[in-house]
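There are 2 protein chains.
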Amino acid sequence: MQMAQKPSIPKGTRDFGPQETAERNYIFDTIRSVFRTFGYAQIETPAMENLSTLLGKYGEEGDKLLYRILNSGDAFAHVDPDKPLTPQVCEKGLRYDLTVPFARFVVQHQGELSFPFKRFQIQPVWRADRPQKGRYREFYQCDVDAIGSRSQLCELELVQIVDQVFERLGVRVLVKINNRKVLTGLAEICGFPDKVVDITVAIDKLDKIGLEAVREELIAKGLTPEAVSVLEPVLTLSGTTEAKLATMREVMSSSPTALKGLDELEELFGLIEAAGVGTPTELDLSLARGLNYYTGAIFEVKALDWQIGSICGGGRYDNLTGIFGLPDMSGVGVSFGADRIYDVLKGLDKFPKDLISATRLLFANMGADEVRYLLPLSGALRRAGVAAEIYPDAAKLKKQFDYADRKGIPFLSITGASEMEQGVVNIKNLSSGEQKSFAREDVGGILEFLA
Amino acid sequence: MQMAQKPSIPKGTRDFGPQETAERNYIFDTIRSVFRTFGYAQIETPAMENLSTLLGKYGEEGDKLLYRILNSGDAFAHVDPDKPLTPQVCEKGLRYDLTVPFARFVVQHQGELSFPFKRFQIQPVWRADRPQKGRYREFYQCDVDAIGSRSQLCELELVQIVDQVFERLGVRVLVKINNRKVLTGLAEICGFPDKVVDITVAIDKLDKIGLEAVREELIAKGLTPEAVSVLEPVLTLSGTTEAKLATMREVMSSSPTALKGLDELEELFGLIEAAGVGTPTELDLSLARGLNYYTGAIFEVKALDWQIGSICGGGRYDNLTGIFGLPDMSGVGVSFGADRIYDVLKGLDKFPKDLISATRLLFANMGADEVRYLLPLSGALRRAGVAAEIYPDAAKLKKQFDYADRKGIPFLSITGASEMEQGVVNIKNLSSGEQKSFAREDVGGILEFLA
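Heads up: the protein sequence lines correspond to chains Z and W, in order.
So the number in the numbering used here is just where the residue sits in the first sequence, counting from 1, plus 118.
So the number in the numbering used here is just where the residue sits in the second sequence, counting from 1, plus 118.
FYI, nobody ran anything at the bench for these hints, they're computed from the structure.
Hints are all accurate, no fakes.
Since the list gives no way to pick out one identical chain from another, each pair is judged satisfied if it fits inside one copy or across any two copies.
In silico lysine-lysine, DSS-like type, Cα no more than 27 Å apart, as pairs: (1) K182 x K129; (2) K339 x K313; (3) K182 x K201; (4) K420 x K251; (5) K124 x K182; (6) K514 x K378; (7) K175 x K129; (8) K525 x K471; (9) K175 x K124; (10) K546 x K525; (11) K362 x K378; (12) K362 x K339; (13) K554 x K471.
Start from the sequences and build out the full structure, keeping to the hints where you can.
As structure tokens, then:
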């Protein structure tokens, strides 16, 4: 027997107790049920992927944040100290996101899939990031993607999914929409096609620092004053989405890329209106998430009543599967951030109250005979789908009450010798105080009282 | 851009496509819903545990099968080749089972839990085992445990849970039950208390090799002929459970340990009868799974109509949390083997037929105007919980039909210009051939037709 160890878990990871697990499942179940009504099917991929699948997909920083797994058998291996360690003893890594494994899955199983392939995936991912408030080394992602169609109906579906998920969760959100082609076009028309990122970052700061400071910043980044003047009508864009699109069409008429992006945006906003989506949507040119990656629409979802970063985001990509040998497969998807959505629901007190206590009824344990008397009834209730417990030990009633209280069990039955003699059970509604007596065989009546 | 790689996944791991994921979720959901009716609450623990939590808990062989994770930042570390590699660069490992993390969880969070603590946990585990048919390096375990009570009612609940799970899954099973204290007593009464494992293994072979060969084997293992003679009445045990228990009581009357075990068995079988459990149960002295670990009841579940190893098993343990500093915490639990249960359901063709196709209705895409005409209706159907898709592209009808066919979608709507003019939609039941026309706003009538 070893010495007792003080137990702990690795930094940046979490245990989830009954309450938190129930709340998290409520989020996952809601998201899943919405995904399903749109015809998306769930898949799962392994936690471990070959390092060759993962490396080079997330930039240099990402490569550093990959968790590497020691080859089995190499735990006591001797290595050559003059060569880098990893290639000698690691061939596998933990999944860093769900996107690259999805691309790998689509290419590997292309023969078995029917396209457009609409999939969702809810699994944990691991990143060796520095842990801090709200950032973990293990966290769940909930990704939904449609791959194999360029139709803007796919973009619409994602907006509808976001709308339905947050309607069901009772959270008001705003969907911000941009298009990578418009950003590319913007950089083209001012003559600095390689400054897409700088221009987008500058647009993002406009509200905070003002037009003059943005102008200075762009010039500091290498743009000419003339180039900045070309951008100005777009920087100061205002009015309705229609008005914004019209202004941009004029300003960027010389860029076929931008015009294509504007066509896409116009079609998408038209579809959103035609579908009667209740959630507000907004064209936001400063949106640039995952810029290298997206080729069309870009999405970001913000909670309206709770201060937190984006709670869902994504976009269209044209080249995701190319790296694994399947070119020209356009797809679009969004990822829901379960941890942030959890924080929003907690903050706004939007979780349903009765999530943990599956258990409706606790039968107090008054002794072995009483338990035997109650066994058929408790079995019948469970078969009817009602969660019922018999306290396992004939402990003091105080202790049994406490158990019901801490588990939030709403009904209690104290059935002793006299009830047994009469062939009845007593059941008390612990919140209203109402108490009723039932024939032990009256499962229907009891179910009604517990409902 | 990198070269295209031929994508693959690590040996012993698996991708699960839409069909398999739906089937596996059906198993998990069934198990989960039964656990809940007995008042068990779900928890989740991290995939990575500290190696100090895992090492030494699964024997020497288990230590070798642990997946170790390279410390972040150490991917390119230079190590001392004269010292073992792991302690220099690994502090974390992947969860090997759900039992040790559960024990760690109970000790770490004991202040927040109410005992008896009834928890279940459905998560993957990882073992660097040699992959072979039916054995994987990543697989799910579904564990249910009650900790903090010595009552045989906990054992009964597990038998009831097994009964309900397999009744709902439509699989006939046999629950074999043994008790570690009886095995210990058996070794005691013949004078070889350290030969528990050898004696149990020998009993297990009785059916195959016969009494004479078992006798020889026990003598080869070091037992005296006299000791074997003492065991003989137990080896040749037959008749009802009551008869077996009575015989053992006589033979082992000198062992308090055995008598305690026989009391427990008698109480448990009595409770099983009182509860009216439909699944057959059987006393089986050859049952010895996880012998070092269990201290009371031992369970194993076999499918009656499909040849495969145990599909569920477990038992009572008294010292699980002691290693983490919390002594005297008795618990009992079983683990359902999702992969084997999957194989049984596949083999017996017991999966429900309509698991994959969430989607009830496909709206064929006849063009942009038709799509806009259908958007409000498709949204209304989804809000009513019915999965409906609009094919994203105005592709050839043949292609759209194929999509419905491969996804097993049972209803198809082809709504073109003439239907739009009349304000109707046509819906066809693809299996019966019945076709009906509805006013576009008649959501109720359409829902009824799709039901």
